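Q: Chain by chain, the residues run as shown.
Protein chains: 2
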Amino acid sequence: MLKRYFPILGWARDYTRATFEADMIAAVIVTIMLIPQSLAYSQLAGLPPELGLYASVIPLLIYAVLGTSRPLAMGPVAVISLMTATAIGDLALRGTPQYTTAAIALAFLSGVMLLVMGVLRLGFITSFLSHPVISGVISATGLLIAGGQIKHFLGVKAPSDTLPEIADGLWRNIGQTNAASVVISILAVAFLYWARRGLKPVLIHRGLAPRLADILVRAAPVVAVAVTVILAWALRLDKHGVAVVGTIPRGMPAPTLPPFDPGLWKQLFMPALLISIIGYVETISVAQTLAAKKRQRIDPDQELIALGGSNIAAAVSGAFPITGGFARSVVNFEAGAATPAAGAYTAVGVALATFTITPALYFLPQATLAATIFVSVLTLVDLGAIRSVFTYSKSEGLAMIATMAITLIYGVTDGIAAGVLLSIGLQLWRSSRPHVAELGQVPGTEHFRNILRHRVETAPGILSLRIDESLWFPNARYIEELIYDRIAEDTSIKHVVLNCPAINHIDASALEALEEVNAQLRDAGVRMHLSEVKGPVMDRLTRSDLLTQLTGQIYLTHYDALATLAPKMTRDTLEQSRCETHR
Amino acid sequence: MLKRYFPILGWARDYTRATFEADMIAAVIVTIMLIPQSLAYSQLAGLPPELGLYASVIPLLIYAVLGTSRPLAMGPVAVISLMTATAIGDLALRGTPQYTTAAIALAFLSGVMLLVMGVLRLGFITSFLSHPVISGVISATGLLIAGGQIKHFLGVKAPSDTLPEIADGLWRNIGQTNAASVVISILAVAFLYWARRGLKPVLIHRGLAPRLADILVRAAPVVAVAVTVILAWALRLDKHGVAVVGTIPRGMPAPTLPPFDPGLWKQLFMPALLISIIGYVETISVAQTLAAKKRQRIDPDQELIALGGSNIAAAVSGAFPITGGFARSVVNFEAGAATPAAGAYTAVGVALATFTITPALYFLPQATLAATIFVSVLTLVDLGAIRSVFTYSKSEGLAMIATMAITLIYGVTDGIAAGVLLSIGLQLWRSSRPHVAELGQVPGTEHFRNILRHRVETAPGILSLRIDESLWFPNARYIEELIYDRIAEDTSIKHVVLNCPAINHIDASALEALEEVNAQLRDAGVRMHLSEVKGPVMDRLTRSDLLTQLTGQIYLTHYDALATLAPKMTRDTLEQSRCETHR
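Those protein sequence lines, which keep their order, are chains A and B. Residues in the first sequence are numbered from 1 upward in steps of one, following full-length UniProt numbering. Residues in the second sequence are numbered from 1 upward in steps of one, following full-length UniProt numbering.
Some hints here could point you the wrong way.
As the list claims (entries may be wrong) - To give an idea of the interface, some chain B residues facing chain A are shown, with a C-beta separation under 8 Å as derived from the structure:
1) H131
2) F191
3) D301
4) T391
5) A502
To be verified - Below, simulated DSS-like cross-link-like pairs (lysine-lysine); rule was C-alpha separation at most 30 Å, straight line:
6) B/K394 to A/K534
7) B/K294 to A/K494
8) B/K293 to A/K494
9) B/K494 to A/K294
10) A/K157 to A/K239
11) A/K534 to B/K534
12) B/K157 to B/K239
13) B/K494 to A/K293
14) B/K266 to A/K266
15) B/K534 to A/K394
Said to hold, decoys possible - Calculated from the model, a selection of chain B residues having no Cβ within reach of chain A, i.e. all distances over 10 Å:
16) N173
17) K200
18) S509
Since the hints were derived computationally from the structure, they do not count as laboratory data. Just so it is clear, the structure is predicted and the values come from calculations on it, not from any experiment. In this text, a Cβ means the ideal position worked out from N, Cα and C, and glycines have one as well.
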């Protein structure tokens, strides 16, 4: 029991020197990757850069105690940082203490929500975000974040939460462009892009193992940071209008209590919920993918608790909402992290950095951070996914495009809400008009197939229908009307046989409809039969009146039904040579 | 084409003297039933009684031209009248001209919505009201309406839209109780109740045909009206504090234009939509039931247009929203109505009544109308339905009780909204945790069944799973986790075969999950196979990358899959004596 809520009690017992070494190597690599990221995502959230570092210490220790994923690397991520900026940007001005307080409250609220969801085992809620919705929102957010960096490249200030805001902000402020910022930005973006695309093949060509090359490439942002810091310091670029990070307090802050302000909490409720859900989806996706590669297991409900605990820790550290980062976790995994202890060592590394390197970061140009954000978020944008979803299903493709458009124009919250409603509406609509096949017997066999697709034999006076959908309220009336229409069209029908192998569930509305159909058919002199009803469906039907009222029989197979109702035709068809048939 | 929108062009050509006589007889009976109903439901809507008569003339003529149901009897009904009272009670005081104007606007708006829905063929929207929701809302509304009549029985004035209001209103006003009103109420309720329950057996015993007895019993309210009018006139009860209907203008009103007031329309939008949907559900249910009895067909989309046209006509007549009444239509059907012309003759009957009997209605006690409403709405309350839904499905039963409770406490609008959300949520939740069976071969057969329910043989290293649900976003991750868990538990597994006969649809999220499962299994050294994939599902999968990436094969039958992957075991099991098996 204790082990379920504190997975560390499980893996810590088997901790060996070899595991320690593997975890340490991974931790060093992730620390190098995490420091520029945490500064950058803090800037993206509109917060002082040191908060990104604070978000990367205690929360990582908490995750090491509570988490069930071995390679998951907790910390600030792009999408959650943008959602944070949007949520608190409505409540307070950037740079004010209220803004930071709101961010802390958001992390705390989101942490509590995740914790509660974990204890109540509500992780399944996230499954209501369909793949096209998540993919659409993430791609659109990537575009928004990338677009939002342009102001830093130009060295101007402008709001940038949505596409219209970005466009308007750039239009108004383009006159204030700072040439030095633009130069730094172009160089940094070009370097980072080349490191991602061009450096790896070179390293591999030089004889490095592809895995090692991949890890080294991830250190490129540190190089960009170091070079531009030196450049800015040597040329005193801060005197030439280049925005720099400025003074960062040294060391770790004292723990803070999140503000007790019910009014603020109420305003932050919906953003916190969405941040919790999106953060959890990101965490669980990467945790599951990496666990499956090694046939390990994660506990989705415990992951909610671990993520909740980490966010509460982020709030106590005076920081903003965080989650498990995809790219960072993959690097951790590839670098050989064997247990969650790797995350704890990373935390120690970041904590050390707050004491040592912070003075050097004074001259770090904001444009450099913008460049690292720009290059890394472009990988979030997956426009190919639209094409592949669209190819597979036009309606889902359109829903995805709508989700993206709404996210770009109105922001992430509205985008997610619209996407979820569209996904559910689409499925209800599809389910409300199920595929129904009229069946006939395939000559020479006991099989019954769609009369429109196959050459089959039907018996006069008997209507065989196969409904390819569970029966429930959105399609109950449709099925009812369909049967009435068929028997009104052909008054010779005396038997209706519903073939039910594809019916996984019958709800109370559909039961009512079936009882009504049975009664109406009885009045019209037609008997209703069922065939191939599944076990669980049958279990439930025995608790209803349908079986006692049914004018016909329930047959184990559709062949049994026809063999009883039209024995001669069925036998003759069965005896026809098999070579006449085609499927 | 013209015939589709004007069904009268179809049936009027075959109109004979015999049809005319049948329609006339039905029309006389329905007119006698409709006059007290229209006065009563107008009072229920909080409107002057003559508006009920106006609502029963031109709208009925319009329905005769546009409707496709032969026995449907249009006019004021209880539930819609209560919804009207609630909707406009929020906007204006009863008895003011604004109140009547709002009712007219509501009828107009609802008519336009129905018309638009009909032209766009959106009738399927109503299928999203599940049976437990409709049944719960109707029962709760019946209770609310019955409870709302108590104030008329006591002869006091009080608001009565929700249960708390009714309780509070009676508590405050019980001191003003009028003894004469109470006596009239008790007598009228007792008489009407006896007519329903006791009179019919007596009439049948006297030798009347049951159908005729049934129709005669429906005339009881007219008797109650006549007797209490004479009583009130003879004893001048209006001078003794008994509320009477008072002066009713003679004849029909001039046509009015509905108010052009965008502010009012905006406020009435949601109520009008719900009135449209509930009204349509009531109309279509009775129309379909009665049509099916004679193997006739109705056109659900044209019914929307007909109901819309009738409501616009109600607005032009200065009246309130109407729909097809259940009890009235059944009487019309039983009385032999052969075409929609019966409705037109009823309209003429009501129009004649507005010129002839209105002066006599001056002394009609409101308590009498309340008694006719009370006795007739009690048939709406079907508490047995809760029990039967609950027996069939606990979760749907609870959803129904919640819908009823919310309707009673907060009103019909909130009740419907909560009910729809609960129904959809329930199905999503159910669908998110589908039944998945691990399969084994039934000895002596080619059948594969659940290893937990049947004595079956399984092949080592092969996991056979049958998923009893379409694969879509609410269950995509659940299935993914389930497979990962299984292969993590048993590392000897080398093949996973998904048996797909119950999968009616695979959406883009589930496709993504299957591709992910396939890739993860590949990395873990496990091959994934599919068996018995349905035609329409396969058609769609061929447009995806899954089939090219799939590490295993797609087999026509599950037996084929196992015969290929574990030929010896499959053959040996097949050859075992059939007498060893049990299903």
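Q: Decide, hint by hint, whether the structure agrees.
A: How the hints compare with the structure:
1. With a cut of 8 Å, the hint placing B/H131 at the interface with chain A holds, because the nearest CB-to-CB distance is about 4 Å.
2. With its C-beta approaching chain A no nearer than about 33 Å, B/F191 sits outside the 8 Å limit, and its interface hint is violated.
3. Because the closest C-beta pair between B/D301 and chain A is about 11 Å apart, greater than 8 Å, the hint is violated.
4. Annotation: B/T391 was flagged as interfacial toward chain A, and the flag holds, the nearest CB pair being 5 Å apart, inside 8 Å.
5. For B/A502, the shortest C-beta to C-beta distance to chain A is roughly 5 Å, which falls under 8 Å, so the interface hint holds.
6. Of the pairs offered as hints, the one joining B/K394 and A/K534 holds, with about 20 Å between alpha carbons and a cut-off of 30 Å not exceeded.
7. For the hint pairing B/K294 with A/K494, the CA-to-CA distance comes to about 15 Å; that is within 30 Å, so the pair holds.
8. Pair hint B/K293 plus A/K494 holds up; C-alpha atoms about 15 Å apart against a cutoff of 30 Å.
9. Taken as a hint, the B/K494 and A/K294 pair is honoured in the structure, with Cα atoms around 15 Å apart against an allowance of 30 Å.
10. Between A/K157 and A/K239 the CA atoms are separated by roughly 17 Å; this keeps the pair inside 30 Å, and the hint holds.
11. Only pairs whose Cα atoms come within 30 Å are accepted, and A/K534 paired with B/K534 is accepted, the gap being roughly 17 Å.
12. Between B/K157 and B/K239 the CA atoms are separated by roughly 17 Å; this keeps the pair inside 30 Å, and the hint holds.
13. Using a Cα cut-off of 30 Å, the hinted pair B/K494 and A/K293 holds, with the two alpha carbons roughly 15 Å apart.
14. Under the criterion of a C-alpha separation no larger than 30 Å, the hint pairing B/K266 with A/K266 is consistent with the structure, at around 28 Å.
15. Between B/K534 and A/K394 the CA atoms are separated by roughly 20 Å; this keeps the pair inside 30 Å, and the hint holds.
16. Here B/N173 stays apart from chain A, with its beta-carbon at least about 38 Å from theirs, past the 10 Å limit.
17. Distance check for B/K200 against chain A: the nearest CB is about 21 Å away, which clears 10 Å, and the non-interface claim stands.
18. With a closest Cβ-Cβ approach of about 4 Å to chain A, B/S509 is found to fall inside the 10 Å limit, against its non-interface label.
In the structure shown, a violation is registered for the earlier hints numbered 2, 3, 18, in ascending order.
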